[in-house]
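K.L.:
Each chain, written out:
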Amino acid sequence: MTDLVDQPERGGSPEGRDVRPRTREEVVELVELAFDYRGDVTVELAAGRKIEGYVSNRNTGAPRPYLDIIPQQAQEIVQIPYDEIVAVTFSGEDTAFGKSWHEWMSKHESQRRAEAERVEQEARSRGLL
Amino acid sequence: MAVPVSQMYTVSKYVLTQKWKGVKRYPLVLMLEPLFRCNLACAGCGKIQYPDHILDKRLTPEQCWAAADECGAPIVSIPGGEPLIHPEMATVVRGLLERKKYVYLCTNAILLERKLDEYEPSKFLTFSVHMDGLRDEHDHAVCRDGVYDVAVRAIRAALARGHRVTTNTTLFDDANPERVRAFFDEMMELGVEGMMLSPGYSYQKAPDQEHFLKRDRTRQLFSRILGNRKRGWRFNQSPLFLEFLMGKREYQCTPWGNPTYNVFGWQKPCYLLQDGYVKTFQELLDGTEWERYGTGRNEKCADCMVHCGYEASAVEDTFGSWSGFGRTVKSTLLPNAR
Chain A
0 MTDLVDQPER GGSPEGRDVR PRTREEVVEL VELAFDYRGD VTVELAAGRK IEGYVSNRNT
60 GAPRPYLDII PQQAQEIVQI PYDEIVAVTF SGEDTAFGKS WHEWMSKHES QRRAEAERVE
120 QEARSRGLL
Chain B
0 MAVPVSQMYT VSKYVLTQKW KGVKRYPLVL MLEPLFRCNL ACAGCGKIQY PDHILDKRLT
60 PEQCWAAADE CGAPIVSIPG GEPLIHPEMA TVVRGLLERK KYVYLCTNAI LLERKLDEYE
120 PSKFLTFSVH MDGLRDEHDH AVCRDGVYDV AVRAIRAALA RGHRVTTNTT LFDDANPERV
180 RAFFDEMMEL GVEGMMLSPG YSYQKAPDQE HFLKRDRTRQ LFSRILGNRK RGWRFNQSPL
240 FLEFLMGKRE YQCTPWGNPT YNVFGWQKPC YLLQDGYVKT FQELLDGTEW ERYGTGRNEK
300 CADCMVHCGY EASAVEDTFG SWSGFGRTVK STLLPNAR
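Chains as they are written, first to last, in numbering that gives the first Met the number 0: chain A, 0 to 128; chain B, 0 to 337.
Check the hints yourself; a few may be wrong.
Now the in silico label distances, taken between C-beta atoms and shown as ranges [said to hold, decoys possible]:
hint, chain 1, residue 1, chain 2, residue 2, range
1, B, Glu117, A, Asp82, 43 to 53 Å
2, B, Arg214, A, Asp17, 47 to 57 Å
3, B, Leu332, A, Glu121, 45 to 55 Å
4, B, Pro120, A, Ala46, 27 to 37 Å
5, A, Gln72, B, Glu117, 25 to 35 Å
6, B, Thr90, A, Asp35, 32 to 42 Å
7, A, Pro80, B, Asp274, 55 to 65 Å
8, B, Lys329, A, Gly97, 23 to 33 Å
9, A, Glu121, B, Glu185, 28 to 38 Å
10, B, Asn297, A, Gly97, 22 to 32 Å
11, B, Glu185, A, Asp82, 56 to 66 Å
12, A, Gly11, B, Glu117, 36 to 46 Å
These stretches of chain A come out as covered by chain B in the derived footprint (C-beta under 8 Å, 3 or more residues) [as the list claims (entries may be wrong)]:
hint, stretch
13, 52 to 62
14, 103 to 111
Read the hints as simulated data drawn from the structure, not as lab findings.
A quick note: this is a predicted structure, and the numbers were derived from the prediction, not measured.
Just so it is clear, CB atoms sit at the ideal spot from N, CA and C, and this is done for glycine as well.
With these hints in hand, go ahead and build the complete structure from the sequences.
P.N.:
As structure tokens, this is what we get:
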């Protein structure tokens, strides 16, 4: 399963991948990956419905294991039982990708400056400065 | 003295009461994260990488107060994200002060000067300003020029109004000890009450040997920084924790010492790791497999020497025995003794 989503060219980020688990173990593994993911995912349910949002938690110890997802346009958390999951697409941007200290240090000075300016502009446009 | 006597008394009384009651796991500092949104994007910070709709979420004042009541820790640290972005932060703080909590509002100080009118000076309230070194080092660490000068100006303004102000500094292995020592001099000259230090945390899937080397490098770095300590330097943290950073003593992690509450709930097991969330503090205490975490127990914990796991261990050492108490007194009065 991990091989399915591992993308060396993306530093291991599953961003953009659509994963369809075949076994219960693969569902568990896939949900763990979605929980670790710092971006939105789209969960496809057996009934055909799709929910896009951020996986904020999961509970494998419950009688019927489930994940918690915070939909993009809603305040309330939606619980999705594992046995209803058909597929998970890593649809949103992986916001943690390339953000480690070491990756920052390895960038060229001009890249760092451009990124810093982008962050500052964004904060300014939101009225946070 | 870096920590006021009243605060030391409150914390000591609280810890001794827990011990007298036989409480095995008790919280010391509630890490309250009311939002993840920040106006900086510091390199190495793993706290703010979320989709926009998550960054837009905030805890309400009522949720913050309920978490403080439920947890019962005498100290509440408010990191983030940048807490001063929260439109109701002053209300949150007022409610915590009414509960007689010692509040450390952790801020990068960009908005501090503008927001100072909203806060009354109090012995219970401290602005803990993020400062990662002298001007060059700090601006480099926060990835924006000019932030050091803004923070210094804000610190001066807060001090002038009678606020308690400390600094909090995260140091990575590439820090220059001499420059860090010069930074301490500058902060003391600025007049802050005390300084807080912690090594950075970086989770890497590296072999064990690499981890050991990393811990060793951390110890060497802090030994060079804190060895032959100047008399005028004041630290707003346990002296035994500083000795731990220098490699003078070994501790195991106390992850329940600084429990974390944020927009997702109570975070398992600690401030840095996200192994899941629960709805109540009691669930966190009862439902976390604590023995799975700490140095030598979990790959993710191998490099960690961060204050949120180990400062509570140092405090436990202080109050665990007369010899621990003696070590603390000795380390406070004679920080350079072997």
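K.L.:
All hints are to be evaluated individually against the structure, with a verdict given for each.
P.N.:
Structure-based check of all given hints:
1. B:Glu117 - A:Asp82: 43 to 53 Å: 50 Å, holds
2. B:Arg214 - A:Asp17: 47 to 57 Å: 40 Å, violated
3. B:Leu332 - A:Glu121: 45 to 55 Å: 49 Å, holds
4. B:Pro120 - A:Ala46: 27 to 37 Å: 58 Å, violated
5. A:Gln72 - B:Glu117: 25 to 35 Å: For glutamate 117 (chain B) against glutamine 72 (chain A), whose Cβ atoms are near 32 Å apart, the range 25 to 35 Å holds.
6. B:Thr90 - A:Asp35: 32 to 42 Å: Holds, since threonine 90 (chain B) and aspartate 35 (chain A) (Cβ atoms, about 34 Å apart) stay within the stated range.
7. A:Pro80 - B:Asp274: 55 to 65 Å: 21 Å Cβ-Cβ, so the 55 to 65 Å window is violated.
8. B:Lys329 - A:Gly97: 23 to 33 Å: 46 Å, violated
9. A:Glu121 - B:Glu185: 28 to 38 Å: 31 Å, holds
10. B:Asn297 - A:Gly97: 22 to 32 Å: 25 Å, holds
11. B:Glu185 - A:Asp82: 56 to 66 Å: 60 Å, holds
12. A:Gly11 - B:Glu117: 36 to 46 Å: 44 Å, holds
13. 52 to 62: holds (count 6)
14. 103 to 111: holds (count 3)
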